[in-house]
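Going down the list, the protein sequences come from chains A and B.
Everything in the first sequence is counted per this note's numbering, starting at 4 for the first residue and increasing by one.
Everything in the second sequence is counted per this note's numbering, starting at 5 for the first residue and increasing by one.
These are calculated hints, taken from the structure and not from any lab test.
Glycine included, every Cβ here is placed at the ideal spot set by N, Cα and C.
Worth double-checking, as some hints may not be accurate.
[Unchecked claim] Counterexamples of contact, computed for chain A against chain B with all Cβ distances above 12 Å:
(1) P51
(2) D250
(3) A367
(4) K459
(5) G542
[What the hints assert, rightly or not] Simulated coverage check for chain A against chain B, where a stretch passes if three residues somewhere in it have a Cβ under 8 Å from a Cβ of chain B:
(6) 237-244
(7) 265-278
Chain by chain, the residues:
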Amino acid sequence: MPTPYFGWTGKVLRIDLSSREATLISPEIEVYRAVLGGKGLAGHHLRPFANKNWDDPELPLCLFTGPLTGTLSPTSGRMTIMSRSPLTGTIGDASVGGGLGTRMKQAGLDGLVITGKSAAQKGIEIVDGRVQFCDAGALTGMGVHQLASRLAGKGSFAAIGPAAENRVAFANIMVDEHFAAGRGGLGLIFAAKNLKYLTIKGSGRVAVHDPKALGAAREDILRLTMASPVLSGEHGFSCYGTGSLYDLMDSRRMMPTDNFRKTHFDQASSLNAFAFKEKYLPRKTGCKGCHILCKKITRGGVVMPEYETMSHFTALCGNTDLDTVVAANALCNDLGMDTISAASTLACHAEISGERLSKETILALIKAIGRGENPELAQGAAQYAKGRNHGEAAMSVKGLELPAYDPRGAYGMSLAYATSTRGGCHLRAYPISHEILRKPVATDRFTYSGKARIVKIAEDVNAVIDSLTACKFIFLAAGLEEYAKAFSAVTGLPYGAQDLLECGERIYYNERIMNAVNGFCDRDDDLPARFFIEDGSHGEGIEIRALPREEFLAARAAYYRIRGLSPQGLPLAEKAKELGLTWNG
Amino acid sequence: MERLIAKYEKKLVDAGLADPGAPLLAGLDAELIFNRKDPATAELAQIFDGLHINSLLYCRPAEPYRTIVDYLSSLGRTITPEDCETRTFQHDIPVASRFHAPEILACLRRRKSVIIPGAGVIAHGVVSPEQAFVTYSSVLFACFVKFFGDYLAALEAGHSDPSGRPSAAFQAAFNRAVSHLDPVRPVAPVLAKGPFATAAQVYEALDQAGKATVDYRLVDSFFGNISYSLDDVLYISQTGSSLDELPGHVDPCPLDGSSCAGLTASSEFSAHAQVALTTTARAILHGHPKFSVLMSMRCAKKDCDLRGACHLKCPSARLLGDVPIVPGEVGSGPTGLCHTMPQAMRGNRAVMVHGHGLFAAGETDFNEPFATLLTVENASREAYFKTVAALS
Chain A
4 MPTPYFGWTG KVLRIDLSSR EATLISPEIE VYRAVLGGKG LAGHHLRPFA NKNWDDPELP
64 LCLFTGPLTG TLSPTSGRMT IMSRSPLTGT IGDASVGGGL GTRMKQAGLD GLVITGKSAA
124 QKGIEIVDGR VQFCDAGALT GMGVHQLASR LAGKGSFAAI GPAAENRVAF ANIMVDEHFA
184 AGRGGLGLIF AAKNLKYLTI KGSGRVAVHD PKALGAARED ILRLTMASPV LSGEHGFSCY
244 GTGSLYDLMD SRRMMPTDNF RKTHFDQASS LNAFAFKEKY LPRKTGCKGC HILCKKITRG
304 GVVMPEYETM SHFTALCGNT DLDTVVAANA LCNDLGMDTI SAASTLACHA EISGERLSKE
364 TILALIKAIG RGENPELAQG AAQYAKGRNH GEAAMSVKGL ELPAYDPRGA YGMSLAYATS
424 TRGGCHLRAY PISHEILRKP VATDRFTYSG KARIVKIAED VNAVIDSLTA CKFIFLAAGL
484 EEYAKAFSAV TGLPYGAQDL LECGERIYYN ERIMNAVNGF CDRDDDLPAR FFIEDGSHGE
544 GIEIRALPRE EFLAARAAYY RIRGLSPQGL PLAEKAKELG LTWNG
Chain B
5 MERLIAKYEK KLVDAGLADP GAPLLAGLDA ELIFNRKDPA TAELAQIFDG LHINSLLYCR
65 PAEPYRTIVD YLSSLGRTIT PEDCETRTFQ HDIPVASRFH APEILACLRR RKSVIIPGAG
125 VIAHGVVSPE QAFVTYSSVL FACFVKFFGD YLAALEAGHS DPSGRPSAAF QAAFNRAVSH
185 LDPVRPVAPV LAKGPFATAA QVYEALDQAG KATVDYRLVD SFFGNISYSL DDVLYISQTG
245 SSLDELPGHV DPCPLDGSSC AGLTASSEFS AHAQVALTTT ARAILHGHPK FSVLMSMRCA
305 KKDCDLRGAC HLKCPSARLL GDVPIVPGEV GSGPTGLCHT MPQAMRGNRA VMVHGHGLFA
365 AGETDFNEPF ATLLTVENAS REAYFKTVAA LS
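Sequences and hints are given; from them, build the entire structure.
What follows is the structure, given as structure tokens:
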């Protein structure tokens, strides 16, 4: 693979589905230095078109790897898929695992920028950088599971299921069958371009500047992973998957229950990760390049639900049947839609309609949504509730349904939900790491003191992680201090942790600018009113009080100052210039 | 932030890591605050401008750490201790040549701490001043172990080759550091008598034993852990918890594995659980007594093929007094101490993990493990100075 760069290939492929043309471009090295890769490069390529509607052929779908992808750097097999979210109107991005990122690098590409719209449904097949457009009309309506069989042998794939074809606002792009590029409805972008699938394979290798130094960095990171109870302990993600959070969240009285009307689920102890493991006997699997292997799958190929899915398809919906959770997860994945949004929309529907969600109802409604038979619920909770004149029942931020951490039990989490550039997302700052999991050290979960800066820095850190790329979970053990060593070893650029953080700040500010272009401001950086007026479920010596509104607003104002935004949450020209970004307000 | 800064200022002094009034602590949320006025604040404010952090600690260590840190930092631009905690969490400790913001920044942009010879140690935190406290404490612990270990190694080298003997500066520093060592505390405190019958009694016992371990300085910063098993539940300190602040930070973990609520339990949960399940011990205490740690790293096999990998692979049946020394890293990985320590605990009252710390067990309460911890440390200290005397 001839390249002037180490780590990066120096090549990005632009694909126009309207003209069926593919053009290789070579971004300047300064671009790579400034935004690293992955999420950063995706945002760089999205920015000029960020105000386009999601179904505008000019709106690009950006798929980018990072400099560490395809190397021995631990957990580096991830990549970012980004466009404008059909669900929320904000930027929409997802860090996704599987093997797609690694294959893309092996094919000699740092990323893809897909624009245009095909007249008929197509597939894109890439082998070592060569592009072929294939008819995919016969695959219309096909579920992801069956599609995976049809695409076998073509390398890694990204594809949509029936949900995206039926305009479900929270449709996913599914990678290698089991890995979701979820939240925000990115699957609809595929559908809007009449693209059913994308496959990639390659035979190249990623050039590494200093393999010995990369080996040393890897050793440091692995040692820290092994020292982490959350990742490697008997109760950790490696043994139980992210489902190991289930007991903890309930014991901390912050498990969203009955559409966030309660924060404790009485039946939780019989629906925990241990119960799933006992019943289904799953084995470990995971993304390429990962040693944690947090995904669990049975010998029959049934994927165990992640924590969010477990929690929302039990406590949030009032379901106590393990099989229903597994079936709901499998259905959502096969239809290609987001489990958090699906469960939250059902819970919102249950609250508004007063209907109890039986296990049969849950599965029937999921099928109806994914198959285009319930367009009302397919809009997602916010639009559905608004249409029913019960906007207060939608537990979402900027239109994105909230995951399974009740913000009344972790004040940093509440601020992070509000400031997230893609709406109600736990992964932008993940304050759960210190407010609950005690990493790097524990913080007081019931105070906003200090949280504004912590959230801002964590957003920058996670922007770096999604740009290198790496998995956010490993940062419950290692830090940018260790990953900077890996980055320098791979690329030859002598970056320290703080240099990477400056890139992260730039990447995240660019997202604030794109959202501002689309009219997002302080009005949108807010939580559903319920959290400020209703208590959660007290018990076992823990009181879950309604969030203090004035303190929340003060913390948000502090966040704006620290982030370099106006009091209205808007980007400032001076700060943008300082970060090397253009923005005139 | 003010509350946290005041808390860690007090803890630094209480732990003997700083003299009263010495710690300069800063915290930044929307505004930068310091715990007191000091000429150094302007320079430290520049450091905040150059780093994405929320807290900073600058402190001249109390003796004997002051002498130790000053001496080690006079030798080069990086200190590389080999104890387990440093290897895992700190990697190495950079040294700046002077108290000058750009140079300090260059070090802190890649590491959590920096030593300025003759001036002190600077450490930072991203989410809490606690991180700065922990890093500072770890730096002093690591330097202590390295300093006394290096001195002994120099004496041994000088025994066969006089040119290898400690330099005059090293000797002077050693003499000074020794003169400032804490006095030996030969008598263990009387702790609650077991066996404990209720969870409430267990929580009280853990709290009492944890506080005593910190009071006797048998553990550095927040490292160390403690557990008690009752009715098939292991009550164990949470990861990253301070042994002197255990109330509210103990996880009750069913030993049948039916709950993952122990996700926040100590990284040594697996090791504790195995001891609880395979021996008659109920009470387990793990500390990092300094002389025990440094003596566990001493080995007569100078030409051993496994030099540098002792903590992972040492196959020898080595003893610290009558306590077995085993290899093993922090946590539950393939080279984790959970694969070595519990087996060694069968038939023993304690096990030393190479370069890391001592696990001590008791049948009914914490009196026995605490006494073991103290006895082993005092014996290690005595053995150290006997060896020094013999080689001098």
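Taking the hints in turn, this is what the structure says about them:
Every C-beta of chain B lies more than 12 Å from that of A/P51, the closest at about 28 Å, which supports listing it as non-interface. A Cβ of chain B approaches the Cβ of A/D250 within 12 Å, the least distance being about 4 Å, so the stated non-interface status is violated. At the 12 Å boundary, the C-beta of A/A367 stays outside the reach of chain B, the nearest C-beta of that chain being 31 Å off. Residue-level check failed: A/K459 sits 8 Å from the nearest beta carbon of chain B, not beyond 12 Å.
Distance to chain B confirms A/G542 as a non-interface residue, since its nearest Cβ pair spans about 15 Å, more than 12 Å. With 4 residues bearing a CB less than 8 Å from a CB of chain B, the stretch 237-244 of chain A meets the requirement of three and the coverage assertion stands. Closer than 8 Å: that is the beta-carbon criterion, and the stretch 265-278 of chain A has 4 residues meeting it against chain B, so the requirement of 3 holds.
When the structure is compared with the earlier hints, violations turn up for hints 2, 4 and for no others.
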